[in-house]
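Participant: These protein sequences, in sequence, are chains A and B. Just so you know, we're using our numbering here: the first sequence kicks off at 1 and counts up by one. Just so you know, we're using our numbering here: the second sequence kicks off at 1 and counts up by one.
Any given hint could be a false lead.
Claimed, not checked - As a list, the in silico EDC-like pairs of lysine to aspartate or glutamate whose alpha-carbon atoms are at most 20 Å apart:
id: 1; chain 1: A; residue 1: 59; chain 2: A; residue 2: 17
id: 2; chain 1: B; residue 1: 53; chain 2: B; residue 2: 79
id: 3; chain 1: B; residue 1: 57; chain 2: A; residue 2: 97
id: 4; chain 1: B; residue 1: 70; chain 2: B; residue 2: 27
id: 5; chain 1: A; residue 1: 56; chain 2: B; residue 2: 101
id: 6; chain 1: A; residue 1: 56; chain 2: A; residue 2: 83
id: 7; chain 1: A; residue 1: 57; chain 2: B; residue 2: 101
id: 8; chain 1: A; residue 1: 57; chain 2: A; residue 2: 83
id: 9; chain 1: B; residue 1: 57; chain 2: B; residue 2: 38
id: 10; chain 1: A; residue 1: 109; chain 2: A; residue 2: 17
id: 11; chain 1: B; residue 1: 11; chain 2: A; residue 2: 41
id: 12; chain 1: A; residue 1: 70; chain 2: A; residue 2: 17
Stated by the list, open to error - Partial list, computed: chain A residues near chain B (C-beta under 10 Å):
id: 13; residue: 37
id: 14; residue: 43
id: 15; residue: 102
id: 16; residue: 107
Just so you know, these hints were derived from the structure itself, not from any lab. The C-beta atom is built at its ideal place from N, Cα and C for all residues, glycine as well.
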Amino acid sequence: TQLLEQSPQFLSIQEGENLTVYCNSSSVFSSLQWYRQEPGEGPVLLVTVVTGGEVKKLKRLTFQFGDARKDSSLHITAAQPGDTGLYLCAGAYNNNDMRFGAGTRLTVKP
Amino acid sequence: DAGITQSPRHKVTETGTPVTLRCHQTENHRYMYWYRQDPGHGLRLIHYSYGVKDTDKGEVSDGYSVSRSKTEDFLLTLESATSSQTSVYFCAISGRGRGQETQYFGPGTRLLVL
Chain A
1 TQLLEQSPQF
11 LSIQEGENLT
21 VYCNSSSVFS
31 SLQWYRQEPG
41 EGPVLLVTVV
51 TGGEVKKLKR
61 LTFQFGDARK
71 DSSLHITAAQ
81 PGDTGLYLCA
91 GAYNNNDMRF
101 GAGTRLTVKP
Chain B
1 DAGITQSPRH
11 KVTETGTPVT
21 LRCHQTENHR
31 YMYWYRQDPG
41 HGLRLIHYSY
51 GVKDTDKGEV
61 SDGYSVSRSK
71 TEDFLLTLES
81 ATSSQTSVYF
91 CAISGRGRGQ
101 ETQYFGPGTR
111 LLVL
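Whole structure, please, built from the sequences with the hints as guidance.
Facilitator: Shown next, in the form of structure tokens:
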């Protein structure tokens, strides 16, 4: 059973479209991280959210942590082919435990 | 980019053969981790280390052992490889425990057990 559920699993859109991917859990996390992974490489951290209700923006990417700290979303505005990749969320609980979702594989077509 | 290298990058082996994967860091980070990544499962922690000779099990530790004799090196050993251990293995490092700060990942090792 996946502790963190990400949806959708796959997403294919045209350049310029907006999209949102979701990360949901029944557990409360002390923090939640979003990573992006390109083929043949390891994941790279995009952002960490810590406070319930927190919103962080990174250029065209907007990250939100749910009020109850059980879910998060990543919104991309005007997607570009360079946004193509696997987006992973990871929730931290206790002092040294963290669980990853299975990821959303995004393809942005030119 | 964080200085993390993994070797080998690709390996094909046969069932029952011992396999050792190496992770090397130049960042002097205290924590090192081994994950495996499989479709539909995301990244799952195998073992981690919080200092030289200090290691602990993760979610999927059965069939794996680790050693850390130096700060910069963390070895993952499959004592007798099985087909279920076919996966992509990632090493990661951090200065503090997971979730407390950024983890930096290596480029991965693709292992195929025939």
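Participant: Interface hint check: residue 102 of chain A, Cβ to nearest Cβ on chain B, cutoff 10 Å. Holds or violated?
Facilitator: holds (4 Å)
Participant: Between residue 59 of chain A and residue 17 of chain A, does the CA-CA distance stay at or below 20 Å?
Facilitator: Given pair residue 59 of chain A, residue 17 of chain A holds - Cα atoms ~15 Å apart, limit 20 Å.
Participant: Identify whether the interface hint at residue 37 of chain A stands, where standing means a beta carbon of chain B within less than 10 Å of its own.
Facilitator: Holds, about 8 Å.
Participant: Mind checking the alpha carbons of residue 56 of chain A and residue 101 of chain B for me, to see if they're no more than 20 Å apart?
Facilitator: The given pair, whose Cα atoms are some 17 Å apart, holds under the 20 Å limit.
Participant: CA of residue 57 of chain A to CA of residue 101 of chain B, is that 20 Å or under?
Facilitator: holds (19 Å)
Participant: If you draw a straight line from the CA of residue 57 of chain B to the CA of residue 38 of chain B, is it 20 Å or shorter?
Facilitator: holds (19 Å)
Participant: Hinted pair, alpha-carbon criterion (20 Å max): residue 11 of chain B, residue 41 of chain A. Please report holds or violated.
Facilitator: Measuring from Cα to Cα gives roughly 16 Å; hence the hint holds.
Participant: Given the hinted pair residue 56 of chain A and residue 83 of chain A, is their alpha-carbon gap at most 20 Å?
Facilitator: holds (18 Å)
Participant: Let's test the interface hint: is any C-beta of chain B closer than 10 Å to that of residue 43 of chain A?
Facilitator: Where the cut-off is 10 Å and the nearest Cβ of chain B is about 5 Å from residue 43 of chain A, the hint holds.
Participant: Compare the distance between the alpha carbons of residue 57 of chain A and residue 83 of chain A with 20 Å, and conclude whether the hinted pair is satisfied.
Facilitator: holds (15 Å)
Participant: Keeping to a limit of 20 Å between CA atoms, is the pair of residue 53 of chain B and residue 79 of chain B held or broken?
Facilitator: Between residue 53 of chain B and residue 79 of chain B the Cα gap is close to 19 Å, so the pair holds against 20 Å.
Participant: Residue 107 of chain A was flagged as interface toward chain B. Is the shortest Cβ-Cβ separation under 10 Å?
Facilitator: The hint is violated - residue 107 of chain A has no Cβ within 10 Å of chain B, the shortest such distance being about 16 Å.
The earlier numbered hints that this structure contradicts are 12 and 16.
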